[in-house]
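Trainee: Read top to bottom, the protein sequences are chains A and B. Residues 1 to 473 in the working numbering are what the first sequence lists, from first letter to last. Residues 1001 to 1222 in the working numbering are what the second sequence lists, from first letter to last.
Certain hints may be false.
[To be verified] Cβ pair distances, simulated, as ranges:
| # | chain 1 | residue 1 | chain 2 | residue 2 | range |
| --- | --- | --- | --- | --- | --- |
| 1 | B | 1075 | A | 83 | 36 to 44 Å |
| 2 | B | 1075 | A | 400 | 51 to 59 Å |
| 3 | B | 1013 | A | 404 | 52 to 60 Å |
| 4 | A | 190 | B | 1013 | 31 to 39 Å |
| 5 | A | 183 | B | 1062 | 29 to 37 Å |
| 6 | B | 1009 | A | 42 | 36 to 44 Å |
| 7 | B | 1199 | A | 177 | 33 to 41 Å |
| 8 | B | 1033 | A | 17 | 42 to 50 Å |
| 9 | A | 400 | B | 1062 | 53 to 61 Å |
| 10 | B | 1081 | A | 270 | 53 to 61 Å |
| 11 | B | 1006 | A | 397 | 25 to 33 Å |
[Said to hold, decoys possible] Far from chain A, by Cβ distances over 10 Å, these chain B residues were calculated:
| # | residue |
| --- | --- |
| 12 | 1030 |
| 13 | 1051 |
| 14 | 1067 |
No lab work stands behind these hints: they were computed from the structure. Backbone N, C-alpha and C define an ideal beta-carbon position, used for all residues, glycine too.
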Amino acid sequence: MSLAAALVLLPLLAAVLLALLPDRASRLNIVASGATLLLAILLVLTEPGGDGLLRADALNMPLVLIAAIVGFGTAIFSEQDVAYEMFDRRRARFYHAGFQGFMAAHFLALLSDNLGVMWVAIEAGTLACVLMVALHRTPAAIEAAWKFFILCGVGIALALFGIIVLALAAQPLLGHGEQLSFLALRAVAARADPGLLNLAFIFLLVGFGTKAGLVPLHSWLPDAHAEGPTPIAAVLSGLLLNGAMLGILRGKAIVGTNPAVISPGSFLIVLGFITLLLAAFSLWRRRDAKRLFGWSSIEHMGIVAVAFGIGGVPGHMAGLLHLWGHSLVKSAAFFAIGRAARMKGGQGIESIAGLTTTHPALGWGLALAMAALAGLPPFSLFASEVLLAMETGRERPWLLPLLILGLLVAGTALLHAMQRLCFGLPTPEPIPARSGLATLLPLWVNLLLAAILALAMPEPLARMLLEAARLLA
Amino acid sequence: MGIGELPYDVAHVLGGAMLLVSFVLLYQRRVASLVNALALQGALLAMAAVWQGYVQGAPQLYVTGLIALVAKGVLIPIFLRRMMRKLAPGHHTEPASNIGLSMIGGALLVALAILVVLPVTTGAKALAREDLAVALSIILLGLLMMLMRRSALAQIAGLMTMENGLVLAAIGVAGMPLVIELSTAGLVLVAAVIAGLFARVMHERFDSLDTDMLDPHRGEGR
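Based on the sequences and whatever the hints tell you, model everything.
Mentor: What follows is the structure, encoded as structure tokens:
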């Protein structure tokens, strides 16, 4: 069995076990996530390749590694967090099984070479997430889950239409059974009908764009992040959005090889800028801390879309690096804010203040995470944003003012919120508690990794980043 | 293959009939008729799949047809009707917004689908391209239905229609791999949405299935 297959099957097995075993669910969850992380590290160290359904390449291997890191951190965080949820036994079992089920689906979506299998995996991951968002059973949670479900249902239906049209475009060129393979499609797309490829890309972009939180079908995202359990918000932002972005990237890599199509980059740039600007201004109006971070995810997906739209090797490198950094930092921010909301008894921004005074390790962690999200050094989001700005200035200088405007408005909004959350007079705590290692460890490890990505990226990762950008450009 | 040849004509008639049912779904207010129309569309889809299986010599499409017939033609409609009767008795009609406007919107969307698909598919086989135009029309009409009608049942019907359109598109592509898997996965999605509605009605005991009810819980409580 290949490593890639093991990486999908291990969380799946863990999900089945967690659904069956009554006790020690959160411990088993951590063990399974840790083992998955080991497998992911092994996978990154081996040569890319593999044939048939699963194929590890430079594009998906770093995303798999990041997903495993964030998954492991989330499993540790959720051991502490779930204790506050007062889940009954059945629901706690369901929650942990759903978490591992989502991880399995996400790894399958990342590693699959077959676009049909990728689509099925993304759908399965969505179903798992919807169930977990609805877990609180409050009317607000049900509304958020329903909206998530309906919008993403429409989104993935549109994406499937795009995939079917791709298969139709490849039909005269490829043998039976190969029409959905990414590798085969990429090889023949240059000879396929450009009209069909255009049609396919539009549907892939709108469909997977819905899942990635791109405007206009983004409105599920803040609600789903705010109303579900915090660990789910961390994996929604850290993993699910990456999976959807990878779908768009695969579509772009196939369609872009044909010189006669309308450049897929221009669609991405337009959608990306609308997303970035809308989210940047919306960030100023947020009163709920988890919704704030949800909107910040929309903003960052806008930046990523712009980077992939600008294209070229530097543009794609900026986009990929931004995806990696965003996963690490955003999940760290959710760990911190989730813990703070537990201690302060509410997730409104006004109910949390002065965290650095009462809980220095947690408060400074949150402050650094928010500074990183605002694009300040020394984190990798700063590096990717600078790279993007330089490439935009070189390729399409007239877009640079818009990009800088979006980044500044969003960055200052986050810094403003950071000041209110982390500094000033501390708000009272109903139940005084310590931050706890289960929050601090994943929080600081993720921040450290995001800084390492910017300052001293390990050589294999740097090589893969370059290779993936070349593959896409 | 062109007009006047049997494979083409039959596929066209079945696809066209599905499109007509989509228009019925767009304006139908009575719950029972809405469910009947969904069942009819499912059955037509099953026939289209079997016909394509026969024309293309692809036996796996018979399985797709069978799944569509059993699930969409029979089981889901029976379940929906029972659920509505049991959980929301006296709930015979659904709110529908302006019928004339929906019809005009629907006609425009069909025109759009044809205008978009036919010019770009000149290279593909005639059967595939016209099938694709019909399928895209059905998908867009499903989307319109979800936009125009607020009730949860109508949103489910819209999503089911979209899914029917997707399967129709998939079976029209000769040699398309994974048709059974993809159509089953789509079906799971629809079934899950229905289960979600069921859970919502059961647990929350909402008086109405109108999604407007939930609006106060939207966003930040503005």
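Trainee: Quick check: which numbered hints come out false for this structure?
Mentor: 6, 10 and 11
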